[in-house]
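Student: Sequence:
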Amino acid sequence: MDTSEVIDIFREAGAVLEGHFILTSGLRSPVFLQKARVFMHADKTERLCKALADKIRAEVPDSIDYVVGPAVGGLIPAYETSRHLAVPAIWVEREGGVFRLRRFEIEKGARVVIVEDIVTTGLSIRETIECLRELGAEVVAAACIIDRSAGKTDVGVPLIALAEYEVPAYPADKLPPELAKLPPVKPGSRNI
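Numbering (the working numbering), first residue to last: 162 to 353.
Keep in mind the hints are simulated off the structure, nothing from the lab. Do not rely on the hints blindly, as some may be mistaken.
So the derived label-pair ranges between C-beta atoms look like this [as the list claims (entries may be wrong)]:
no. : residue 1 : residue 2 : range
1   : PRO222    : GLU256    : 28 to 36 Å
2   : VAL346    : ASP223    : 26 to 34 Å
3   : ALA333    : GLY297    : 22 to 30 Å
4   : ASP163    : GLU256    : 35 to 43 Å
5   : GLU179    : PRO249    : 32 to 40 Å
6   : GLU268    : GLU179    : 44 to 52 Å
7   : VAL192    : GLY297    : 37 to 45 Å
8   : LEU343    : PRO222    : 45 to 53 Å
9   : GLU166    : GLU266    : 35 to 43 Å
10  : PRO222    : GLU327    : 47 to 55 Å
11  : GLU256    : GLU299    : 42 to 50 Å
12  : LYS335    : GLY270    : 17 to 25 Å
13  : ALA247    : GLY317    : 25 to 33 Å
Ideal Cβ placement from N, Cα and C applies to all residues, glycine included.
Construct all of the structure, not just a fragment, from the sequences and the given hints.
Tutor: Right, dumping it as structure tokens:
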């Protein structure tokens, strides 16, 4: 599956939104990829995550023990991708603003791949890596459905993206005039 096929699935689901959006990272963008509109369709989610699992298998030839998703956005793609990789899916969630593995135990030395929905700055992945390394896990890679940075984001481990789709993102104090005219909307889940 290539980038155009992934974006077509997002378009079919009405998940490519235009306006003025405050991203989870705090950056502003004229385009928001509302993955919840894709993930509400099991068939679309399965197609994307099966393709992502195939790509992970090709780039991480040795076995892995777990797929780990950062809550909230990574829960569905981590679960569905893990199903195609035939390994358990677990997740980290925020406790006092910091990712913790609250509901699960993980063995020291366990080999994990983090699966996220969409990456812009990679902050959620880096925070997940920190949590897992503190527990003694070996994070061998991270993967995402869409890398909005088109390969520019460094998460600290290899990043496997099903699609690279560069969308402009701006600091709030450096907006282009046409974007500044629109009222901002914050559809992300960071504070949940």
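Student: Evaluate each hint against the coordinates.
Tutor: Structure-based check of each hint:
For the pair PRO222 and GLU256, the supplied restraint of 28 to 36 Å holds, since their beta-carbon distance comes to about 34 Å. Roughly 43 Å separates the CB atoms of VAL346 and ASP223, a value that falls outside the hinted 26 to 34 Å. Taking 22 to 30 Å as the suggested C-beta distance range, the pair ALA333 and GLY297 does not conform, at roughly 39 Å. Roughly 38 Å separates the CB atoms of ASP163 and GLU256, a value that falls within the hinted 35 to 43 Å.
Our hint of 32 to 40 Å for GLU179 and PRO249 holds, since their Cβ atoms are close to 38 Å apart. Between GLU268 and GLU179 the beta carbon distance is about 45 Å. The supplied range of 44 to 52 Å therefore holds. Taking the beta carbon of each, VAL192 and GLY297 are about 39 Å apart, inside 37 to 45 Å as hinted. Distance hint for LEU343 and PRO222: a CB-CB separation of about 46 Å, consistent with the stated range 45 to 53 Å.
A hinted range of 35 to 43 Å for the beta carbons of GLU166 and GLU266 is consistent with their spacing of about 38 Å. For the pair PRO222 and GLU327, the supplied restraint of 47 to 55 Å is violated, since their beta-carbon distance comes to about 29 Å. For GLU256 paired with GLU299, a C-beta distance near 23 Å fails the hint of 42 to 50 Å. At roughly 44 Å, the beta carbons of LYS335 and GLY270 sit outside the given window of 17 to 25 Å.
ALA247 and GLY317 have their C-beta atoms about 26 Å apart, which keeps the hinted 25 to 33 Å range intact.
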